[in-house]
Amino acid sequence: MIKTPQELIAARDSVREHFFNGWTRIRVGMATCGLAGGAGKLFEAIREQNEKNNYGFFVAETGCNGACFLEPLVDVVLPGQGRITYANMKPSDIENLLLLTFGGRVYTKKAVARATSEHLLSDDTEIPYLQGVIQPDVQKVPPYSEAPFFKNQVRIALRNCGIIDPTSLDEYIAFGGYAGAAKALTQLQPEDVIDEIKRSGLRGRGGGGFPTGRKWEACRKANGAARFVICNADEGDPGAYMDRSIIEGDPHSIIEGMIIGAYAIGARIGYVYVREEYPLAVKRMRLAVQQAEAAGLLGENIFGSGFDFRIRISRGAGAFVCGEETGLIASIEGNAGTPRQRPPYPAQSGLWGMPTNINNVETWNNVPVIITRGAGWFSSIGTPSSKGTKVFSLVGKAKRVGLVEVPMGTSLREVVEQIGGGIQDGGEFKALQTGGPSGGCIPAAHLDCPVDYETLTSLGSMMGSGGMIVMDSRTCMVEMARYFLAFLKEESCGKCVPCREGTLRMLETLSAICEGRGRPEHLDLLKELSEAMADGSLCALGGSAPNPVRSTLHFFEEEYRAHIEERRCPARVCKALIEYQVVRESCTGCGACARVCPVKAAFGKKKAPHEINNGLCTRCGLCADACKFKAIKVA
Amino acid sequence: MNNYSENARVNSAVTGVLGRYPDEPASLIGVLQDVQEELHYLPRVALEQIAHGLSVPRNQVYHVATFFKAFSLTPRGRHTIHICCGTACHLKGAGMIAEAIQSTLKTGDGETTEDGSFTVQTVRCLGCCSLAPAIMIDREVYGEVVPRALRRILGKYWEAESA
Numbered sequence: 001m002i003k004t005p006q007e008l009i010a011a012r013d014s015v016r017e018h019f020f021n022g023w024t025r026i027r028v029g030m031a032t033c034g035l036a037g038g039a040g041k042l043f044e045a046i047r048e049q050n051e052k053n054n055y056g057f058f059v060a061e062t063g064c065n066g067a068c069f070l071e072p073l074v075d076v077v078l079p080g081q082g083r084i085t086y087a088n089m090k091p092s093d094i095e096n097l098l099l100l101t102f103g104g105r106v107y108t109k110k111a112v113a114r115a116t117s118e119h120l121l122s123d124d125t126e127i128p129y130l131q132g133v134i135q136p137d138v139q140k141v142p143p144y145s146e147a148p149f150f151k152n153q154v155r156i157a158l159r160n161c162g163i164i165d166p167t168s169l170d171e172y173i174a175f176g177g178y179a180g181a182a183k184a185l186t187q188l189q190p191e192d193v194i195d196e197i198k199r200s201g202l203r204g205r206g207g208g209g210f211p212t213g214r215k216w217e218a219c220r221k222a223n224g225a226a227r228f229v230i231c232n233a234d235e236g237d238p239g240a241y242m243d244r245s246i247i248e249g250d251p252h253s254i255i256e257g258m259i260i261g262a263y264a265i266g267a268r269i270g271y272v273y274v275r276e277e278y279p280l281a282v283k284r285m286r287l288a289v290q291q292a293e294a295a296g297l298l299g300e301n302i303f304g305s306g307f308d309f310r311i312r313i314s315r316g317a318g319a320f321v322c323g324e325e326t327g328l329i330a331s332i333e334g335n336a337g338t339p340r341q342r343p344p345y346p347a348q349s350g351l352w353g354m355p356t357n358i359n360n361v362e363t364w365n366n367v368p369v370i371i372t373r374g375a376g377w378f379s380s381i382g383t384p385s386s387k388g389t390k391v392f393s394l395v396g397k398a399k400r401v402g403l404v405e406v407p408m409g410t411s412l413r414e415v416v417e418q419i420g421g422g423i424q425d426g427g428e429f430k431a432l433q434t435g436g437p438s439g440g441c442i443p444a445a446h447l448d449c450p451v452d453y454e455t456l457t458s459l460g461s462m463m464g465s466g467g468m469i470v471m472d473s474r475t476c477m478v479e480m481a482r483y484f485l486a487f488l489k490e491e492s493c494g495k496c497v498p499c500r501e502g503t504l505r506m507l508e509t510l511s512a513i514c515e516g517r518g519r520p521e522h523l524d525l526l527k528e529l530s531e532a533m534a535d536g537s538l539c540a541l542g543g544s545a546p547n548p549v550r551s552t553l554h555f556f557e558e559e560y561r562a563h564i565e566e567r568r569c570p571a572r573v574c575k576a577l578i579e580y581q582v583v584r585e586s587c588t589g590c591g592a593c594a595r596v597c598p599v600k601a602a603f604g605k606k607k608a609p610h611e612i613n614n615g616l617c618t619r620c621g622l623c624a625d626a627c628k629f630k631a632i633k634v635a
Numbered sequence: 001m002n003n004y005s006e007n008a009r010v011n012s013a014v015t016g017v018l019g020r021y022p023d024e025p026a027s028l029i030g031v032l033q034d035v036q037e038e039l040h041y042l043p044r045v046a047l048e049q050i051a052h053g054l055s056v057p058r059n060q061v062y063h064v065a066t067f068f069k070a071f072s073l074t075p076r077g078r079h080t081i082h083i084c085c086g087t088a089c090h091l092k093g094a095g096m097i098a099e100a101i102q103s104t105l106k107t108g109d110g111e112t113t114e115d116g117s118f119t120v121q122t123v124r125c126l127g128c129c130s131l132a133p134a135i136m137i138d139r140e141v142y143g144e145v146v147p148r149a150l151r152r153i154l155g156k157y158w159e160a161e162s163a
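So the protein lines, in turn, are chains U and C.
The first sequence maps to residues 1 to 635 in the working numbering.
The second sequence maps to residues 1 to 163 in the working numbering.
Pulled out of the complex, with its shape left as it was, chain C reads as follows:
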């Protein structure tokens, strides 16, 4: 995709999101969240457009976009794997799950696979402590995960990708 059409895509996505929020600084985080969800990252042109649209200084938009963990300034994969590192999960082997996922997908924490299908990210707690260790892929939670079950879980997404 060339730069021009990419910018047009970003522009229309941001315009759509801005239309759903009142034009005020307090809308900033909600707008960033929706744009992040739609584009899987926050490109520079999007940040500039949001700053202009909400009348917020660009440095503040950048500050917020880099403060919160939910935002990424580089493109994320089509699926995000959140590995819970909460206390209960840690106790029950979240570290091993993280290593298994990262070695299966050949990525590090916070990184995206080469083919752009998955981003792997550790998170502080998914609130599924009774199902520890837990992971969440996009919005679906998997509990009591063991390393040997990972291929089966990930397989579902691989199949959907190749279909």
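Next comes chain U alone, as it looks inside the complex:
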């Protein structure tokens, strides 16, 4: 039990000593992405070998350090030498890895980066692993500060992800956890906490970018018999997964942020609304809440301050619109998640009609360090209007994909080219899609723009939750717009006409263009519909639904025209406008295409060049995937 700030410090120091005192520790990155890459088998293999050979290593799991392209990842702390990160590990690597580690050496074949110390952000201390001289083996591994994926990143939200064991409250405390809550509850008045958050310039990381401190203040000042805080972990934007990663890798940071926010606002109950598609996140969050309760960090009289706070977990059931505040509240109340008219805003009348404050995962996770380090420190990072850092999920056709955290104001080019390493397979950059399905596509000409809330909005896109999807020349922008509208039409709750009918009509029009039935007047129709939807929709889903169409029409109108006027898809994606053909010279007649073709459109004699009957072909592409000789081309 931790009853006072002094007890917290004592717990922190004792775990810290254990953490850095020279035991060999092995960590396997076991967030969902690591597990999908095979981390579960690795973990078992390491445990088995460790026991069999009596190595006596500490083996534990950790979250994701963001470098998803290197999964599965294994970290080894070599006593006195530092933390060494191994990438793309296979079970067959384990025997050698452990043998070398036991001899105090490095498995250089797969070592990608090393840390000689850990910077504990919460109290700004640097604790070295290093004692004595660095061994020649270790020296061969590049430090994190030189690794291309990591060197330009500044990590606040991801401060603990991939370093600590997310199932260990002790390690979170060792890295300065709960110090922010202790300070807020025992040294600051609620108004001081709100003031600190206001001065830090923190803005909502879930999409809207509303100033967090002002939101808290409005809720505190509203009349109500009770108040609630909610963590929106219904990360719905396809292409964004930082919230999942933060919950899976550092769940206590969210609980701590919520304790501080609840104290400032005057709430005694908080809800975490997690989407059900994230089973591991639900599990980690449940465990973290239980641990915090058992330690007295949630419950009655936290830190002896007289403040009581509890957290309940609510699972989403698969509806994009529940990311919208009023839809989310309806869902927690046990109703269908349809949004309602605002005002009144949730700050006045939210859950059960009481003042309610909703922030997303990344916002809550930023709060504890703002309290320990101060508003001045936080606001020194970023741009005049957008403070701090933002986590982006850099995915799509970039070489290095994963979660990257950079200061606000960093240029898009730096993120895509320096951190992401440019386009994979030697392709050509075409556009960067940001802001989720209701965001926009930014072309190469604007890559030097800084990322902040205002700039992205002025480019017809938005910050959203931070998805950054890199598109290359093989991506059709009309088809992308159609994809987003199909998504939004499906997720529109149907309550208001502009959104329900608008998304449907837009989808029909875009489908017509993609299918070679486009007419010149369709472009004007799309523009007109965009305006009506933006003006007339009830909530942000409908209001921003035209964005993908508007931005692609603005930057890539020639591509729309090629579809309409020439019946041609320049990126060779739209099925009605392409054909699959066999390159006779490359075809060996192996018959792989004929075997996989579901409609028997690919045919030919054994060992003779095959053919594709384009009358039967459904353009599914399975033949091209099956061909080992790259003998099937799209024309």
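Since the hints were made in silico from the structure, they are not lab data.
For clarity, every value in this text was computed on a predicted model and none was experimentally measured.
The beta carbon of each residue, even a glycine, is placed where N, CA and C say it ideally should be.
Hints should not be assumed to be uniformly reliable.
Example chain C residues on the side facing chain U (calculated, C-beta under 10 angstroms, incomplete) [what the hints assert, rightly or not]:
(1) Ala26
(2) Leu28
(3) Gln33
(4) Gly127
(5) Cys129
(6) Ala132
(7) Glu140
(8) Gly155
Knowing the structure of chain U, use the given hints to seat chain C on it.
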């Protein structure tokens, strides 16, 4: 299985789930989720029992059960294949994966195979964008899926079924 024993099975499952939640309307979604997980669908008798147990009007239970994608009023397969159709997966060929799975299993989106082993469902995003294209079978995620790997992945479940 006859109707009587089926109803008894549903009844005991729902009673078990209701026991874990407070008797209040706010428990509705959690209860539906747990019943769905246990029975793989929400039969009519279950909805009626839940409405009664939580003192929620039956029309509201039906509204919620049909609003959210996680719920199904018809029986689902013993395994559910979620095909991610998020932006990154779409860009990297999720459409082709969906077609390959559906043609291998001879089902459409949201449908269940004849033998009741698999339900195939496209979902908006599994949050594994760096591993695109991704699919999730039950709770296990598979990344960087290519059509030719599908038989191997599905084979594991077929084997378990026939064992």
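- request: Using 10 angstroms as the Cβ threshold, decide whether Cys129(C) counts as touching chain U.
  value: Cys129(C) check passes; min Cβ-Cβ to chain U is 4 angstroms, inside 10 angstroms.
task: Identify whether the interface hint at Gln33(C) stands, where standing means a beta carbon of chain U within less than 10 angstroms of its own.
output: Holds, because the Cβ-Cβ distance from Gln33(C) to chain U comes to roughly 6 angstroms (cut-off 10 angstroms).
task: Go through the hint on Gly127(C) and say holds or violated, using the shortest Cβ distance to chain U against 10 angstroms.
output: With Cβ-Cβ at 4 angstroms, under 10 angstroms, it holds.
field: Residue hint Leu28(C), partner chain U, criterion CB-CB below 10 angstroms
entry: 4 angstroms, holds
task: Against chain U, run the beta carbon of Gly155(C) and see if the smallest gap drops under 10 angstroms.
output: 16 angstroms, violated
- prompt: Is the hint on Ala26(C) kept, meaning its closest Cβ partner in chain U is under 10 angstroms away?
  reply: 5 angstroms, holds
message: Take the shortest C-beta to C-beta distance between Glu140(C) and chain U; is it under 10 angstroms?
response: 8 angstroms, holds
- prompt: Minimum Cβ distance from Ala132(C) to chain U below 10 angstroms?
  reply: 7 angstroms, holds
This entry does not satisfy hint 8, going by the numbered hints stated previously; all others are met.
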